[in-house]
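Visitor: Residue numbers (this note's numbering), protein chains in the order written: chain A, 11 to 415; chain B, 12 to 411.
No lab work stands behind these hints, which were simulated from the structure alone.
For every residue, glycine included, the Cβ atom is placed at its ideal position computed from N, Cα and C.
Where hints are given, some of them may not hold.
[What the hints assert, rightly or not] Some, not all, of what chain B presents toward chain A, calculated at C-beta under 7 Å:
1) Ala40
2) Gly133
3) Phe145
4) Asp358
5) Gly361
6) Phe364
Spelled out from the first residue to the last, the chains are:
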Amino acid sequence: MKTSSSIYKIGGYLLVLICLNHVAFAQKSDSSQLLLNMDAVYNRPFLQAGSFPVAIGGYIEAQGEYFVSDGITEGVSFKIPRMTLFVSSTITERIKFLSEIEFEEGTKEINIEFAALDFEFHPLLNFRGGIIMNPIGAFNQNHDGPRWEFVDRPISATTIIPATFSNVGFGLHGKTYQKQWVWAYEAYVTNGFNDQIVANSEGRTWLPAAKENVDRFEENFNAVPLITLKTAIRHRKIGEIGLSWMGDVYNKYEEDGLLLDQKRRLDVVAIDFNTSAIKNLDITGEWVWAFVDVPATYSQQFGSQQQGGFIDFVYTVLKREMFGWENARINLALRLEHVDYNVGSFEETGGNIHDDLQAIVPAISFRSSSQTVIRVNYRYIWETDLLGNPTAKTAGFQIGISSYF
Amino acid sequence: MINIKIKVLPVICFMAAIIYSCDEVFPEAPAENELLDGPIGALSFSEQNRFLAGDVAFNDEIFTPESGLGPMFVATSCGSCHPGDGKGHPFTTLTRFGQTSPGQSTDFPAGAPQLQNRAIPGFEPEKLTLGTPFMKFTPPAVTGLGLLAALTDEQILKNADPDDVDGDGISGIPNYIDPPDYFQPKWFHQAVNAQFIGRFGKKAAAIDLLQQTATAYNQDMGVTSTFEPLDVATDLSVDPEVSDQTIREVVFYLSTLKAPIQRDPETYNVIQGQQIFTDINCGSCHIPSWTTPESDIPALSNKTFHPYTDLLLHDMGPELDDGATEGSAETYEWRTPPLWGLGLSPDSQGGEFFLMHDGRAKSIEEAILMHGGEANDSRGSFEQLSDIDKQKLLTFLKSL
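So that you can see chain A by itself, here it is in the shape it has in the complex (with noise of 0.2 Å):
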């Protein structure tokens, strides 16, 4: 939101950080094996003066990278392509407050990605309002960029699933411990999806194209909220699955009492998974489903049903003290991604519907601390297009850095 209001509000928050001048860094031990991928919004440093009742923090990403397509480059290029400020608050014992706000690009778009407020009934009962990340998959609510060795998001988790895709709405989330594991739910009611994921100029369905209405934080495209349900559970020595769906009806199918259309469904379905059960290796990996209910008689490019995903291998090679910092680690990474986005066939001939991709990135990164991350990546994607057309190449290395503050 490119408001001049927005831009205010921001003002705010940093007035609130130059106020904090003597600061005591109160960072969440974040050694626990039984968070869950819904911990991480919490689950984040924040820096609190004394018993002032607002903590704040935030990070922050840049990166270079020199890409070749099909033997044609654009050169050398930088960016940030995201800063992102944190303003917490425990308002009393059991209702907390957590906001996060987001430069993308430096200030091409200002997104509040997350302003909730949280009532703690019970632990297996909690209330939530405001602004929500939809739990859909693990990637959206655990996104922050210092906690990857990768330079870009994982393609599903950003064009299949639109992250970071927040909506305004309220839940209910919960979870119990037994021993060695933890289980946890969340439900939510929020406004939700429109019809330009099927009338865009990307030409293919395409979720991410809902966030470009600037009115879904004021009201709901339609009468029909989106729900969106997620289950987890985590051992401790083995790792988390989570199981996630989200839907929604999302064109307009009446107005003033006017019938428009038919109620068109969209429905998307996540499968997450992490583990640390070998020593020195984490694997990530996530992998989705959309089903969206495409008029028959529009263009088949925009495809009914998509699907995609990735996995993470990280492997630390070393860890030890290195440059003065204690605990620090270097790792090889590499991340294997699919993406489809029109899975089906033509009317016409019966063939394969293409418009799919496949990704490799091996990756090497430094960490000073778990916070802060510099890394190297080479990225190679191979993409078909909608006819299944010879494949567009595009390779290129990316060097980044992001860390909390």
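For chain A, the structure is supplied; the task is to place chain B on it using the hints.
Guide: Using the frame of chain A, we list chain B on its own:
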């Protein structure tokens, strides 16, 4: 915890192997003769800028309901019909109907001349009434069109032989078209009864690239302009949905796309195949070479090029008579399609061939065997070739 000791060196070697396995660190550009897109040589800086603007409008601009798509349409962008500037796929085949005899200009049924077989959400597309004659047109490649547009009517008419005076069985008839209001004749256009020779389209129904482009925006995407201001869904005028400037940039882009470059022209089989092509008289209609006169675009002036077409209509026999037509063409007459770029067709048609006007031929050989009418003799000669000579001819055609 499972303790697996992995040495650093093997891991690094593994990472290096992954990078190495990606063919090359940075993907190389395909050979120039493997691509259809790209500008004709010798464009000035300002012309390159116009080319780039047209390229973006043609290949990147996807229309949405908000930006003017539909409400009824066939495709959402120019590039979806002509991927990589090449031939299209059956997915975007056009259905033409309404005119059933030459010169018929009234009493078209509603919705003619093109079926709008898709619609934006909330709208219904058109459907053909049962029994209505129709033609299906696979989108053609758009490369080299500026060179064809630069030819004079006099050059085209030199190959016309409507009454087969020379007795070779090949006629060659120009399709005379009523020009749209916005058509501005150039020095090389010759009017006959206020009509002009059509050059573009399966029936040669478009006189120049402006007409071809403006009608494509209108009839293919449901996008109106000052040139074609009527909405195809209502036949009523609406505000222009694409600017004159954009249409002119696209026309310039189409005018300055390079001609397809032949591959391996010096190899034995290609040379032999070219000789067979001449021997069995394919070149009577698929005229190999032309030379442009002076053009207002310097890069198009005095250029000899090899499209393998005469831009004229020919009787192709009853099997290719769809019962519908355009302009002064008979229902069984079709414009000789250019053969340049033929071998690259699968690169834009999803790895397969969809040839002839409606994509019914799945290979070059199948397409040759579908030739009838004036091409009967050439088809018969092809059938009598030895397998080796057939392969040489096909190798030559694939090299184009």
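Visitor: Next item in the hint list is B:Gly133. Is there a CB on chain A closer than 7 Å to its CB?
Guide: B:Gly133 check passes; min Cβ-Cβ to chain A is 4 Å, inside 7 Å.
Visitor: A closest beta-carbon separation below 7 Å is what the hint needs, so does B:Phe145 meet it against chain A?
Guide: Hint on B:Phe145: violated, closest Cβ of chain A at ~15 Å, above 7 Å.
Visitor: Closer than 7 Å between Cβ atoms is the bar; does B:Gly361 clear it against chain A? Give me holds or violated.
Guide: 4 Å, holds
Visitor: Is the interface hint satisfied for B:Ala40? The criterion is a beta-carbon contact with chain A at less than 7 Å.
Guide: Result: holds, 2 Å to nearest chain A Cβ.
Visitor: Take the shortest C-beta to C-beta distance between B:Asp358 and chain A; is it under 7 Å?
Guide: 6 Å, holds
Visitor: Given B:Phe364 was flagged as interface, is its beta-carbon under 7 Å from a beta-carbon of chain A?
Guide: Nearest chain A Cβ about 12 Å off; hint violated.
Violation of the numbered hints given earlier is confined to hints 3 and 6; the remaining hints are satisfied by the structure.
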